[in-house]
Each structure stands twice: as C-alpha cells, then as structure tokens.
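> Here are the chains, one letter per residue:
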Amino acid sequence: MKNQSKQGNPIWGFLCSVRLTITLLILLALASIVGTLIPQKEGAVEFAGSLSPETAKLLFSLGLFDMYHTLWFRFLVAFLALNLISCSVNRLPGTWRLFKASPRPDREKPFKDLPPDRSFLASGAQNEVFGALEERLGKRWGRIRKKETQGRYYFYGEKGRFSLFGFYLVHLSVLFILAGSIVGSLSGFEGFVNIVEGEQVDSIALRNRMGRMELGFEVRCDDFEHKTYPNGMPSQYRSRLTFLENGVPVYKADALVNHPVQYRGITFYQSSYGTVAGDRARLRIERTGSPKETTILEVKVGEAVPLPGKGGNFKVIRTEADFRGMLGPAVQIAVYPAEEKDGELRIWLFKNRRLLQERFPPQMLKAKALNPSAFPPYTFHLEALESKHYTGLQVNRDPGVPLVWTGCFLMVAGFIVTFFTSHRRFWVRAVAVQGGVRVDVSGTSSKNPVGLERELDHLVASLRDKFQARERKNAS
Amino acid sequence: MNSMILSYITFVYFFSFLFYLLMMVMGKETLGRAGTWITAIGIAAHTFAIALRWVESYRLGFGHAPFSNLYESLIFFSWTIILLYLIMEWRTKNRTPGVFVTPLAFLAMAYASFSPDIKSQIQPLVPALKSNWLITHVITCFFGYAAFGLSFGLSLMYMIKRLEKGNKGRSFIRFLPGKGILDELNYQMVVIGFLMLTLGIITGSVWAHSAWGSYWSWDPKETWSLITWLVYASVLHSRMVRGWRGKRIAVLSVIGFACVLFTYFGVNYLAGLHSYAKT
Ligand code: HEM
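If you're matching them up, the sequences are chains V and G in order.
The first sequence begins at 1 in our numbering and counts up by one.
The second sequence begins at 1 in our numbering and counts up by one.
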C-alpha cells in the first residue's frame, strides 16, 4: 500500500498495511494447520495420554487441545478485523473522491500516443457527425458529458462506477461473518437430548457447559422411524415430534436428517438414536419336580408376581436393552421366598444366555447373581423384553446465523463486483480534418486492461460501421 | 458398465497428453490439433459415462447424482479439469498448457479406476448425504479445485519459461507462451478458483448447518479448506494490492495447490466428519 496514512502516524500506517493483512492470513493458516494435526477437544484426551507429561503440559498451557477457542487465536481474528476496518476507513475518502469525480470531457491526455486503430474517418459535416455520435454514445452509456472547444468536439462517458466499492463489500462481508459468530457464541447455545418414544422432555443437556437448560415448553417424541436399504445401509431416520405448551399440543413436525425442525427459535436436528428397554418382559419359569411344570408370564417392571406353586413372589426390578453394550437384553429380578426370614435374592436374566457362556468362565456363571437356577426348584428364563427406540436430537439456538448468511451473500456479490466488473471511463474526440471528421476513441479502466482493449476495439468498430452505413444511405 | 467406459477414458487422456507433448517437442501444431480432438472425444465419452452412471443409479432404485463417494468425486474432478482446460484452450488459442494439465486429469482417472482402495460400485446415499446442497457443494468445490489445478500447471509453465535465455532456448521452452500471458492466465484461474472455493465453503456450511446444526465445526476438512482459502486470499492481495507478479505468484500458486491436494486427500488421514472419502 502506498502510505496515505493520516499525519504519517506509524501505528495507523501499520494497522492499515496489506503486509499486516497477509501476515495475519498466513498466521491464521499456520495455526489452523496445527489445529488439524493435534486432535481437538474429545480426541485430545487420548492423544495427550500418548505424549510425555511435559509435552502434554506444554501443549495444554498453549491451549492447543482446544485451539480455536483460545484467547490468542481469537486475538489473531480480532486483529484481522481491526486491520480490515482501519484499512477501509483509510481508503474510503479516496474512493469516495474517485466515485464523485467527473472528469472534464475535453481532456487531451487520454489521446496521447493513441494507436492508429483507435481512430477512423467519418465523412460529413462536423456538427452532423457530432449529433450522430451523441445519439450513439448516449445509447451506450446512458449519461454522457460533452463539450466543444476550438472547433473540437469532446464526449465523456463511463460505466461500472460502483465497481470501486466491490472490495469494501467483500471486506464488510468478512466482518458480518465474524459478527455472526460472536453473536452466536454469546447468545446461542448447543445442547442435546434423548427422548424415548412416547415420552416428553422439558429440558436439555448443554454441550460445552455443565448442566441442563429448561426449554420453557415440552417436546414429545411420538414415534421414531428407522429405514434401511436392502443392503443394510441406513436410508432414513425420522422423529415425529409434538411441541406442547403447558401440556397442550400446539405444533407437530417431523425431524429428519438434513431437515431440522424449528420451534420458538430453537432448532431440533435428528442426530442419533438408540434403544432402551420398555417396562414389559415375558418370562418362562420352569419348576422341577413331578410333574415338571413350565409357566409363561407377562410381567411389568416393579409389580410383585406370585411364583407358580406358591413358592413365594418375585418382581422385575431393572431392565437393560443391551447389557453392558454387548450382552443383549437383560432383566434383574428380585425373588422373595414364602418364608420372610430368607430375605430377597437378586438374579440377572439374559435373553441370549449363550453370549454369556461364550464370554465368561463357567464358575462365574454359577454365582448366585447370574445363575437362573439359584432359587430351586425354579429356573427363570427371559423370553422377551419390550424395547423402545429413543431419538437423539441436537438442540441449538444460534441467533448469529442470519448475520453469517448475509455475510456469505455479500461476499459472493462483492467478489463478482470486484473481479468481474471494472470502472471504465471513455473519451471520444471529433476533429474536422481534410476529407471529413476524424473520430478518436480512448479509455481507462480501474482493472482488467485486456478487457478494456477489447471493449475499445468493439466500440471503434461499431461506430465505424454506423458511419459507413450512414454514408451508403446518404449516397443512395 | 459406466466404470468400464471411465477406465478406458484414462487412456484417452493419456493419449491427449502424449500428443500435446509431441507437439511441443517436435514443434508441429498438427499434433496439437490431434491432441485437442482426442481430448474432446474423451470428454464427450466422459460426460456420457457420468450421465449413464446417474441413470443406472435410478435403475438400482436409489437414484442420486453421481457425486457421493471418492470414486465419483475423482471422476468429476477430472471432468472439470478437462472442461476448464478446453475452454481455456479455445479462448487463448494456445495448446501448450495441455501438456501440464492433462496429466492431472489422467492421474485422477487412473487413481479412481485402478486403485484397489477405491470402490466403484454405485451405492445408496446415507441420510446425511441426502441434500440438494450436496450437489451444489460438490460442483462448486470441484470447479474450484480444477481451476487451481490449471493455475498449478500454468505456474509450472511460468517457472520453466524463466529458464529460457535469450533465443538460444530449447524449442520446447520457446513454444511456451510469454511470461506475461502465463502470469495473467494464472491470475484468472486463481480468481475463478477462489470464487468457486468460496461458494463451495458457503454451500458446505449451509449443508452442515441443516444436517448437523452447526455451520462451522472446525472439522479437519473444513479447516483445510479454510487454510486453502487463506493462502489464495494472500495470493490475491499480494498481486492486487502489493503488485507482485511472476515468480512469486507462481510459487504461491503451487503452495496453494498443495493445500488443495491436502484438503482433498491428506485430510483422510486425520479424523473427522467428512469420512465419506474413506469408502
Ligand atoms: C479475510 C480477511 C481480509 C482482510 C483482512 C483484507 C484486508 C485487506 C487490506 C488491508 C487491503 C488493502 C487496502 C489498501 O490498499 O489500503 C485489502 C485490499 C483488497 N482486498 Fe482484502 N482483505 C481480506 C479479504 C479479502 C478477500 C476475501 C478478498 C477477495 C476478493 C479481498 C479483496 C481485496 C481487494 C480486491 C483489495 C484491493 C483493493 C484495491 O486496491 O482496489 N480481500 N484487503
């Protein structure tokens, strides 16, 4: 940047310099590279464990396990924003002058060293040519300025003035995006909640922060649906949700992956699912003796059920949809013998007994807590356990998002203006010479000189054609 | 069927490369013209095969645009490179960049077709990929990558052209366009690439926002695309504001393209959300 800083203040000059911009951009890039090489957040724990304690401590104190949220990373971004603002403030008056400027039409400088193919000879009287030129050029550029001095006629026209502001638009868009992310992190939240089919919740767990947050309304999951393709790949997850205010349903909607649901500014995203045990189980109870007896019972969790043959009572006290995440459905029952003094006996029953036998040594399975025959003469079997889906929803509120999208839109608009338009100014001069009027065409452009040359060629050619056509018409 | 045609096209592009190379070595424009024809036939067949793949996915019952895994992305990447190259050749009337650009398309096709790690079957879309933003995201990103690929080729040409001393240079070097033209073309490719990359990042954010609830989550692929963006933003500022030209811009463009390649391939070695590329 040429140093146009006010009063030559060195700090201001530094803040406005593109050298600073480029340095900051590169620093941010380097920091981000580090951030992708070192696992962040959740992944960091495992990674830190594989390092020597000193290294881990050092990386931790530099914040490298959650780098993008450290003070120093934010400082870099803030510095970039400051740089952007200072530089725009610094240049704005100059750009504004350029924007407002209306150069005199009768300048001679643009015509210095004009290549010969930027001139042509039009026959006819000078004022006639002048009138025709005025009409043509007016059509082309809208507003034109004209002047006549010392028998020479001049025109000035331009286009793409707004192009001067393209890069302000781009830079402003960066500020919009940064502002959006700040608004989001200050007044938004990210949380999640699991809802079992048929149940409802009124609060969610927050990520990044401890604790739960009241929603101020209730969400019920009426149904969770999970479809797969014939080859087993998942094809669709859908949660049918109902939103309730004080227990009254007010809004129903389906959340699908890529199709979140919004209610009162809070967005619910389908993000995971799982199964939990319901509260009904079917047990098969065998009683040895003569005659041998088999009973099948449908039981509900927590309800005491008499054992066949008056041997006592039992109840299901716990259920697991998938015991320890690998052993499948299981229930724990408590058995109360008919004689009080024997107390209670707790036994875990597994639907896939074979899984257990594969994984654990036989002695262990003889332990009372795992032995289905621990209460003779009965043997208990778990035949079926009701299971329910739960849906895992990501629950977010981010009021900064509209700012971010506005920024994105402005950025693309700004690029197009910056890169694909330019401020072009044109001067046309008509001078009476022997045999007619010589018309000279010249122009300048804020960028893309090749495009300007092409446009000038085109302009000269079209004017020449026009005049030749007129001549033919006049001649006939 | 489509993947068989596509694996043949690898060789077609290899022949384009050979003809462009022979043109430069022997100094015969006719060979270059043959190269152009071969490339044009290649891209016609290429387009046909992509369309066929699209149709086939409907016949299999889970119709979707063919942009959903690493195989399809490589095929599309090479298609965009050839398309952009042919447009550039047609506008500049110069065939020499073909020598530097067709190998990129050829290598991408070869990697897609012959690497044992890459599955070419058409697969149904998992729920997260079912989004119209996927299509715009992939198209914009890959046009961006292709433009950066061309910029890389032009930067190499610039560096080779710099070796020319007086008029004693080898015919190969003399055949290359002037340094000014190369620099200008390189700049134009960086501009197109930057615009497309920006659109790609934006559409990707919109998509992530609707799928995961967050428009930016510092996932390694996202972060690397930002790094690439920052590098090319520096290139543009160096050139537009500080007036850098020529060698420095060429070097920076090569660095930028290295970032593109890392964003595309290298990131798969880091954990993250964009794991489709692992299939
Ligand atoms: C990401 C943060 C960015 C920062 C901090 C930044 C900063 C700057 C600075 C300090 C200048 C110098 C203005 C001067 O000469 O006084 C500048 C110029 C410029 N920037 Fe950026 N910029 C950023 C992003 C972009 C992007 C993404 C573009 C993409 C088009 C862009 C396009 C331009 C252009 C075209 C100019 C030259 C203006 C001219 O001389 O006519 N900037 N930028």
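Simulated from the structure, these hints should not be mistaken for laboratory data.
Just to be clear, a hint being listed does not mean it is correct.
[Unchecked claim] When the alpha-carbon atoms are kept at most 27 Å apart in a straight line, the in silico BS3-like pairs for lysine-lysine are as follows:
(1) V/227 <-> G/93
(2) V/147 <-> V/109
(3) V/112 <-> V/252
(4) V/252 <-> V/315
(5) V/366 <-> V/388
(6) V/447 <-> G/247
(7) V/227 <-> G/130
(8) V/147 <-> V/100
(9) V/447 <-> G/179
(10) G/119 <-> V/252
(11) V/292 <-> V/252
(12) V/139 <-> V/388
(13) V/57 <-> V/109
(14) V/366 <-> V/139
(15) G/179 <-> G/247
(16) G/93 <-> V/447
(17) V/112 <-> V/57
(18) V/112 <-> V/146
> Taking the earlier hints as the rules, which of them does this structure contradict?
1, 3, 4, 5, 10, 11, 12, 13, 14, 17
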